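Following the hints, put chain Z in place on chain S, whose structure we already have.
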Amino acid sequence: MPGPSHTGMVEKRGAGHWLSHAGLILGVLIIAFPIWLAFVASTVTNQEIVQPPMPLWPGDRFYENYSNALVSGINAPVARMLMNSAVMALGIALGKILISLLSAFAIVYFRFPGRRLFFWLIFLTLMLPVEVRIVPTYEVAANLNLLNSYSGLIFPLIASATATFLFRQFFMTVPDELAEAARVDGARPMRFFWDILVPMSRTNMAALFVILFIYGWNQYLWPLLITTDPSMNTIVMGIKQMFPSGDDYADWPVIMATSILAMLPPVIVVITMQKLFIRGLVDTEK
Amino acid sequence: MEKRVTFKGWLLPMLLLLPQVIITAVFFFYPAGQAVWQSLFIPDPFGLKSQFVGLGNFEFLLNDPFYRASFLTTAIFSTLVTLVSMGVALFLAVLADRLIKGSGAYRTLLIWPYAVAPAVAGVLWLFMFNTRVGVVSWYLGLLGYDWNHVLNGNEAMGLVVVASAWGRISYNFLFFLAGLQAIPRSVIEAAAIDGARFWTRFRTIVFPLLSPTTFFLLVVNIVYAFFETFGVIHTITSGGPQQSTTILVYKVFSDGFVGQDLGSSAAQSVILLFVVGLLTVVQFKYIERRVHY
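First to last, the protein sequences are chains S and Z. With my numbering applied, the first sequence covers 1 to 286. With my numbering applied, the second sequence covers 1 to 293.
Just so you know, these hints were derived from the structure itself, not from any lab. Nothing here was measured: the structure is a model prediction, and the numbers come from that model. Just so you know, not all the hints are guaranteed correct.
To be verified - Partial chain S-side listing against chain Z, Cβ under 8 Å, derived: (1) GLY27; (2) LEU70; (3) VAL71; (4) VAL135; (5) PRO156; (6) VAL236.
Think of the CB as a built atom: it goes at the ideal place given N, C-alpha and C, for glycine as much as any other residue.
Excised from the complex, chain S in its bound form (with noise of 0.2 Å):
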């Protein structure tokens, strides 16, 4: 946030700094377009829409194109594709930071043969993101008979180390005092892990699940791959499922009611959790 410094004597108020104000305006306005398009889109009819050029307000068909969408969908209830990606994104950032949480503490608190070897292994996989090795990683999961199923869908993604390292960094400033006293006291390791370590980590868990979560709400070429029922479709991957194959008019209505409600919680989550979203945001990325 700008503090007081910031108000020098720079800029004064004047043409510049209405200038300023036009300019984001119109650059909000620019990059809200195409969800506006996306919104009008889904509360019109479809006869509406095949004709162009379509309108640029909302009709009145708001609540039968979401019903229709949610209820019954294309190839498969919309609510059933909501649900499917959100026990994805929810198994993902919750997974993630169990495991993570558990491998850095590890790391970190104890001495033992192979630590090092441990901590390099799992600096290794910060490199190599899914897309990379997609044809082998989908035969693991063939091989495990993990198509179409929710662990298919949760443990693939969750086998990376950016998490295991931002814990393991935020555990490195925790003062030692802290563990000597408890070593003191008697607690053992476990105790004083979730009694001291996992209370004081609960920001950057908070920060860390807001990343991840949108991540895994956000997934395409793994759900992509592994779910062909698609009652198992996640929301982001099943819209482009819904175009038919030939020549026929897509239900626009259907399919762009149904894009509005695959970014709503991610961008939800964004919003009403801003100050820990960009503070995830400069962690994961440091």
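This is chain Z only, laid out in the frame that chain S set:
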């Protein structure tokens, strides 16, 4: 850096590491190893056995005009995505930074497209430029411009670039604004007293001081354009027309799953692996430098 105070025992830490080690081994190291292994073989057409070809797949790829074209496409695509999203974001951030009040409000208004999945962004832009029902393409038609990204490779490239850059503006704006606000006002005011106009101040003082942020964003955006834009390509063009938007990650997918050419797809994965490694090294070098500042 090491902790002075540690707990005793080796069984407990091993157990604590177990979940992560198992998941990483099964879904990361094994597949990555498989990718390297498969890249050395050509499966026979019936998938019964494979023939060892050493680096044959790589040799073939590097001589394959389609693969080379895909490299070039990726280079053009990621350069454009990076320039467009960073350019627009820097412009907006400079405007917001000039404001005495309200930059926070604009941040809220600009931040949320980040949360829109690339695949959803693809559908939104496809809708606007759809050749039959798209609003923008319809108005372009009124102006006498016949928009058709289904047939025209350049228009297809333009569309996937804009759709990919769109959600990225939020991210870049956030970092640019933070970078701009971290520049001491006194430095800028000193220049203003010396009579430097806004543009001169920006060129000679602000932009150089912003260079750590700019460099960081360059790397992050290139990584984004390389790996995270699959959803945009798949929803809008599926790599077409005539492969004009087939970026490397899309080709791994289309050769591996659509074309069933596993050896070649694996070799492409390995090449991408090197690209990621290279980018990571660049990024870490930069972070090291930043830490030592």
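Consistency of the hints with the structure:
1. GLY27: 5 Å, holds
2. LEU70: 17 Å, violated
3. VAL71: Constraint on VAL71 (chain S) not satisfied, violated at 21 Å.
4. VAL135: Holds, about 4 Å.
5. PRO156: 4 Å, holds
6. VAL236: It holds, given that the least Cβ distance between VAL236 (chain S) and chain Z is near 5 Å, below 8 Å.
The structure shown violates the earlier hints numbered 2, 3.
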